[in-house]
Amino acid sequence: MHYYLKYLRHYLVSHSRHGTHSPFVYRLVDEVLYQRPSSIAVEAVPLVYKRGGKKAVKKFLFLERLLKAFAFEEFKIADKSMQHDLVQLFERHSHASSKRTIHYINTDADYSEILADVAEHDILIIEEPHLSENREKHWEFLKRAQNVVVTIDLFHLGLVFFRKGQRKENFLIRF
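Under this note's numbering, the first residue of the sequence shown is numbered 5, with each subsequent residue one higher.
One should not assume that every hint holds.
Capping the alpha-carbon separation at 35 Å, the derived lysine-lysine pairs in DSBU-like fashion look like this [unchecked claim]:
1. Lys72 to Lys62
2. Lys10 to Lys168
3. Lys72 to Lys10
4. Lys103 to Lys58
5. Lys103 to Lys80
6. Lys141 to Lys54
7. Lys168 to Lys141
8. Lys72 to Lys59
9. Lys141 to Lys10
10. Lys141 to Lys172
11. Lys141 to Lys59
12. Lys54 to Lys10
13. Lys62 to Lys80
14. Lys80 to Lys141
15. Lys58 to Lys147
If you're looking for bench data, these hints aren't it; they were derived computationally from the structure.
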């Protein structure tokens, strides 16, 4: 299916925070995803993202809020050629006291290797899970994986959580 038709389908099928029945996901969407950035935060966005347009700025600011909300000690990036500003963002928000690792995947890498390396409190951030057929196949694999508990599909980003004690759910959230 064409990328823009996929986006239209996602927009029509997805929910806002009011369509979620998981307290964890509702709080995440309310306090992180739908939080309006301050003008100071927008001014601090690196120029390369500002040149990318409103969507790139919005994605960068969301990632910054997400990293602030979930303290993490280590980050792993699947694509080593990723933009320096994004690497700096991860470095700026890492905490030595946390036991969480955030895995940022912006490539068509095989996710089974990454799944073998995750712990209960880790988070996967998948950039553009619907960009290609291969990425969609990997996204569907993640959603079905045994140790994956919560997936949140924002269309341009996918979030994967491995929280114990919560039932397995997949959410389509409008971003």
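Hint check results:
Between lysine 72 and lysine 62, the direct Cα distance comes to roughly 15 Å. Compliance with the 35 Å bound is thereby established for this hinted pair. Our distance criterion of 35 Å between C-alpha atoms is met by lysine 10 and lysine 168, whose separation comes to about 31 Å. Simply put, lysine 72 and lysine 10 have alpha-carbon atoms about 30 Å apart, close enough for the 35 Å limit, and the pair holds. Between lysine 103 and lysine 58 the CA atoms are separated by roughly 33 Å; this keeps the pair inside 35 Å, and the hint holds.
For a cut-off of 35 Å, the pair hint linking lysine 103 to lysine 80 stands: about 14 Å separates their Cα positions. For the suggested pair lysine 141 and lysine 54, the alpha carbons sit about 31 Å apart, so the restraint of at most 35 Å is met. Between lysine 168 and lysine 141 the alpha-carbon distance is near 25 Å, which keeps this suggested pair within the 35 Å criterion. Proximity of lysine 72 to lysine 59 is assessed by CA-CA distance (about 20 Å); at most 35 Å being required, the pair is judged to hold.
Proximity of lysine 141 to lysine 10 is assessed by CA-CA distance (about 14 Å); at most 35 Å being required, the pair is judged to hold. With a C-alpha separation of about 19 Å, the suggested pair lysine 141 and lysine 172 falls inside the 35 Å cut-off, and the hint holds. Under the criterion of a C-alpha separation no larger than 35 Å, the hint pairing lysine 141 with lysine 59 is consistent with the structure, at around 24 Å. Restraint check for lysine 54 and lysine 10: satisfied, since their Cα atoms lie roughly 25 Å apart, inside the 35 Å limit.
Proximity of lysine 62 to lysine 80 is assessed by CA-CA distance (about 22 Å); at most 35 Å being required, the pair is judged to hold. Annotation: proposed proximity of lysine 80 to lysine 141 holds, straight-line Cα distance about 22 Å (limit 35 Å). With a C-alpha separation of about 29 Å, the suggested pairing of lysine 58 with lysine 147 holds against the 35 Å cut-off.
Consistency note: the structure conflicts with none of the earlier hints.
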